[in-house]
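*Asks:* Chain by chain, the residues:
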Amino acid sequence: MARNVLSGIPVSNGMAIGRAFFLNRGMGTAVARRSVPEEEVEHEIARLSDAVAAAGEDLDSVRRKVPKDLREQAAILDSHLMILKDNKLVSSAQKYIREKEINAEWALEKAVYDIRQAFDSIDDEYIRQRIQDVDLVAFRVQNKLMGGKDSISSISTRVILLAHDLSPADTIELEVDKIMAFATTLGGKTSHAGIMARSLQIPAVVAVEGLEEYIEDGELIVLDGLHGRIIISPTEKELAHYSDLKYQFEAYQGTISRCCHLPAETRDGYQVKVLANIELFEEVAAVIDSGGEGIGLYRTEYSYLNRERLPEEDELFEEYRDLASIMYPNNVVIRTLDLGSDKIASFVQPIEEANPAMGLRAIRFCQKYPDIFRTQLRAILRASIVGNVSIMFPMISGLQELQEVKETFAQVRRELKSEGKNFDAEMSVGIMIELPGAVLIADILAREVDFFSIGTNDLIQYSLGIDRTNKHVSYLYQPLHPAVLRSIKHVVDAGHEAGIDVSLCGELASDPFCIPILLGMQIDSLSLTPQAIPGIKRLLRQTTMEECKPLLRRIVRNSTVAESNKLVRELILNRFPEEVMFFSSLVED
Amino acid sequence: MEEESKTREVILRNKWGLHARPAAKLAQEAQKFDSDIKLGFDGREVDAKSILDVLTLAASGGTRLQIVAAGSDAERALAHLSGLFESRFEEDS
Chain A
1 MARNVLSGIP VSNGMAIGRA FFLNRGMGTA VARRSVPEEE VEHEIARLSD
51 AVAAAGEDLD SVRRKVPKDL REQAAILDSH LMILKDNKLV SSAQKYIREK
101 EINAEWALEK AVYDIRQAFD SIDDEYIRQR IQDVDLVAFR VQNKLMGGKD
151 SISSISTRVI LLAHDLSPAD TIELEVDKIM AFATTLGGKT SHAGIMARSL
201 QIPAVVAVEG LEEYIEDGEL IVLDGLHGRI IISPTEKELA HYSDLKYQFE
251 AYQGTISRCC HLPAETRDGY QVKVLANIEL FEEVAAVIDS GGEGIGLYRT
301 EYSYLNRERL PEEDELFEEY RDLASIMYPN NVVIRTLDLG SDKIASFVQP
351 IEEANPAMGL RAIRFCQKYP DIFRTQLRAI LRASIVGNVS IMFPMISGLQ
401 ELQEVKETFA QVRRELKSEG KNFDAEMSVG IMIELPGAVL IADILAREVD
451 FFSIGTNDLI QYSLGIDRTN KHVSYLYQPL HPAVLRSIKH VVDAGHEAGI
501 DVSLCGELAS DPFCIPILLG MQIDSLSLTP QAIPGIKRLL RQTTMEECKP
551 LLRRIVRNST VAESNKLVRE LILNRFPEEV MFFSSLVED
Chain B
590 MEEESKTREV ILRNKWGLHA RPAAKLAQEA QKFDSDIKLG FDGREVDAKS
640 ILDVLTLAAS GGTRLQIVAA GSDAERALAH LSGLFESRFE EDS
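These protein sequence lines are chains A and B, in that order. Positions 1 to 589 (our numbering) are the ones given, in order, by the first sequence. Positions 590 to 682 (our numbering) are the ones given, in order, by the second sequence.
Simulated from the structure, these hints should not be mistaken for lab results. Only a predicted model underlies this, so the values are computations on that prediction, with no experimental measurement involved. Backbone N, C-alpha and C fix where the C-beta goes; we use that ideal spot for every residue, glycine too. Misleading hints may appear alongside valid ones.
Partial list, derived from the structure: chain B residues whose beta carbon lies under 10 Å from chain A [stated by the list, open to error]:
#1 G606
#2 A616
#3 Q620
#4 F622
#5 G632
#6 D636
#7 L641
#8 D642
#9 L646
#10 S649
#11 T652
#12 A668
#13 H669
#14 G672
#15 L673
#16 S676
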């Protein structure tokens, strides 16, 4: 019996009910292979040429639609156009048709196979991966050969898009008026497709097992972006249930987004800043739409990943400058590179690390490769003149390390000054507090910086010794563990003692069950995914410091997670039952 | 018509080697000439007009390559293409 429900990782909230539409269906599967009689060889070659021409036209039209600032995507499409015209692909396929007297599909497949052989033996990972571009180009041609119309541009009615994977080039073509939602077989929580879905505000589920196996093209499906589920050919009852849920969700979204631009102030007048965590410039629109009062965490890694080479200073500068000027007068906190050497292995000396999470990454990596670090520091500083920019260093473990980083920063400032380049001399400097060691010496570190931002995702993992992606121990990843709560409180108190602001930028900031506790600690700002901002703001606006403070006092006396979980669940479920229906929480039942 | 081929040795000065962008540029420029143009590296010889061929050489920065051209505009092709290598394919790094 076919499975009725498939599950995956929810990456963008919402609900959609509609017809399935497969993009690139059959990619990687066998094509029809047949011999052709000699007299049809010329016809077969012409068929191939027509398909290549048609694929070229499609690529050209997508290429023309790429906005100027998406240089990487433009470069990818340019290289696809070149591959399409390459003798190695088309001429070689033509030769196969002529010599082997086989159909165009088979010949093209053979040509790609030959190219793959050549690429497989290449040591350079980046170049070896370019075979994927050849696959994508060949697929476009195969698709034309088979009379396929399954490109995004050919969709006429609104559908739920399903695909093996969505490349950045595919996502350029995503148009909200045609696509209600999408799901992919590949992908993870942080994949590019998820980011695009959130910025387009359409529901999406990735890493769906059995997606291509169990769903038929055109079949009616329900995509539940809240729980990460797809229901295939729903029954009347299921359909009623999900239509109801969809209606409620949309009504709720409407309510929260109507008040998302109001300040995040409790009923008794305590204000918290609600900021956004983002990693792509394109997400800015979502930040502004959702009522974000600034960017509390700009992750800068994206410009360094899947690249042919390291970004130039000017390229980074333009990215940061555009971000700063669009958010002005609101603040943008730019976090310096938080990568391990494994992520950009082609640019640096590869090293063997038994435990990369505790290895050469983040600020340690930057200190080891000062050229990479300085380029970024220069770009951030230069961007600071057009807006309200702060800089933040990740993974600081001690005072001496922090002082060394600050010295590098000071040197770069002097360098820029001597070159006559302008920057904001008053720029705020902050650090991430994500190591238990940094928590314990927060009072010492606080004297050196303008703000703290508590990175709870890492802090919880390092404090409890839990790798949350390890399913054997992830049950011990507990945000309300007394050690975690004491750590957060300790950092907030140490920061306030020294007169600096303390922000929190982990997933806890978007967890409704944790908000009253953080409020009770008098956290200054919360930084979270743009999608969660309206809901959290509404929750903040309905609560009072008067109820959060006693809650915190009771929570800190608890010695087990279970007691604390029960307390916050009671408060939230009694006070804000309608608010938690569409939230997912890290706090267990 | 058998034409005598002309060879010129060049040094790849790009930091990251013959990666996608320089490879694309080289193939694009080579396509502008009528001559048959090959690129030799590490005992292999490939079609310089094919981006895929050039990529599969996976030539890294600092290595020597040979451009071999045969045809009516071979001399001009060699001059133009070796100029690309010298200018690091107009990349700044």
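*Asks:* Please name the hints from earlier in the document that this structure breaks, with their numbers sorted from lowest to highest.
*Replies:* 4, 5, 11, 12, 13, 14, 15 and 16
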